[in-house]
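Number 306 in our numbering belongs to position 217 of the sequence shown; there are no gaps in the numbering.
A hint or two may mislead.
With a straight-line cut-off of 30 Å between C-alpha atoms, the simulated DSS-like cross-links for lysine-lysine are [to be verified]:
(1) Lys624 with Lys560
(2) Lys399 with Lys175
(3) Lys478 with Lys624
(4) Lys183 with Lys478
(5) Lys478 with Lys175
(6) Lys478 with Lys560
(7) Lys478 with Lys399
(8) Lys399 with Lys560
Estimated spans, in silico, between C-beta atoms of each pair [said to hold, decoys possible]:
(9) Ile198 with Glu625: 42 to 50 Å
(10) Gly619 with Gly394: 29 to 37 Å
(11) Ser557 with Asp520: 46 to 54 Å
(12) Leu609 with Glu219: 20 to 28 Å
(13) Phe118 with Pro208: 33 to 41 Å
(14) Thr592 with Phe204: 41 to 49 Å
(15) Gly497 with Val280: 41 to 49 Å
(16) Gln221 with Ile275: 21 to 29 Å
(17) Leu588 with Pro208: 26 to 34 Å
(18) Gly553 with Thr592: 52 to 60 Å
(19) Lys399 with Lys478: 19 to 27 Å
(20) Gly475 with Trp612: 51 to 59 Å
(21) Met586 with Trp501: 50 to 58 Å
Simulated from the structure, these hints should not be mistaken for laboratory data. All C-beta atoms, glycine included, are put in the ideal place defined by N, C-alpha and C.
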Amino acid sequence: MVKKLLSLLHREWSGLHEAAFLLALFAIFSQILALFRDRLLAHTFGAGQTLDTYYAAFRIPDLVFAGVASFMSAVVLIPILIRYAKDNDARAQKFLNDAFTVFFTFLVIVCVGIFIAMPALVQAFFPHLEGQAQSDLIMMTRILILSPILLGLSNLLSSVTQMLHKFIAFALAPVLYNIGIIFGAIFLYPVFGIVGLAWGVILGAFFHFFIHFFVSYRHGFSLTLSLAPSLRDIWEVIYVSFPRTIGLVANQIALFVLIIYAMQMEAGSVTVFNFAFNLQSVPLAIIGMSYATAAFPTLSKHFAGADIEKFLAQILSATRHIVLWSLPILVLFIVLRAQIVRTILGSGSFDWTATILTAATLALFSVSIIAQSVGLLFIRGFYATGQNKIPLIANLLSAVLIVVSGYGLVHWYGSSQFFQNFISSLLRVEDVRGAEVLMLPLAYSIGMVFNVALLIYFFRRRFGRFLSPVKNTFTQGLFASLMAGFVAYEFLGVLGMYLDLNTFLGIFTQGLVAGVAGMLTWWLILELLGSEEIKETRTALKRKFWKAGAVMPDREEI
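Work the whole structure out from these sequences, hints included.
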């Protein structure tokens, strides 16, 4: 049994759809654990000051991760590693050691400095917090500052595992991360109090690092300090990484500002925002991240080999499948938002007001699911070509738009009765306190749609109108998804007459049956329309899991 597990860890997954399905499968498992984690937190604490503090404590460490640890990101290092690995593994190992020595040292120095300055930083960013809430936020943030170090090392080694097409390690890492957080909530919180939640995160971050370390080490790559780092190599990493890092920092700052806005609203607003953000991240991880991650090493290889035709074909194929699979999720998330939130979060201390607000917040986040998923792919497409300035421009402009529109929407909501009534009626939050939090996911979705529009515009300017086939995919997928949403909505009404919707079993059954009916309708319509993406999906699943005949690898993949 152990040998089988180890062989799975070391198996190579080189096909786009096969690797994407593997990543999606583990992403589903990881997201199930993440949803269990959120349900556990919601049940125990509800939407209030404790969880507001917990989620606020992530903001500074996440900013550090984006600003420093991102220099060790796989999307930056993979193209360089692939280039050096063509010479020999020793050259790639030397580069890995140099990157580790310089960036890890800098990361530790930054984290130590922030640890010392934490009281002043908390006072500056959250001046309204006082007493125990302020002390808890300082302590938790100091503990969580360890996470950028561990996740930064994990990122560095994940570039090796992805380069080697060992996607199982990449897929398993977030699963282990969530297991650590759940362990902290169940076992460490009762012993250490709220800081036990933070230590659970650190445990998960260690697991995330260790799985990449284990696989990399078994394939001859390790991390050792380099006494004479190559300044040329380090400068190349900085040159390539810097625009991406600034873009990531801009996005984290935008989220940070939204959290600051939320902290000034009703207690529990930060929790509502984060729970809804986590829920909308489920399809993003399963679809967008899976395809983008699976495609990136091949994109880098094709572009490095000047095979632009295959490069564009890979982008096109991944885009078509991302759009196809994201469309029904977008529609069904909006239709089934109440059932999703009530099933996953609606227990214990998570009251009805928090449930309604989280469901409405989820609907507004869902508007940008396709944009966020496609954006992940095109950002990697630009990095594979070395065009790192364009994602920087897109991220900076979208971050500014998020911050400005968030501020504007919050003030518009507070000053316009007509706008309040429109939003309340549209999302069914009439007479619910704290509904101004809905302006934050709306602002975020506006920024994400604008972001992907810019990315596609610049990509088409360089490579032409190769994305034309996506129009047919979008048209077929939208029609099938709208019909799926209609069927799911009708099923909700019918099932509501026969099920007890005041129980977990009742609401879960209602949402599950309606969702399954919707997805079956979507699939059937696409089959009748002769969807090429559905045919490719069936072929890939049959080839990989049902072994329909031997499939020989291409010579260049041996």
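| query | Of the hints stated earlier, which fail here? | reply | 3, 12, 17, 20 and 21
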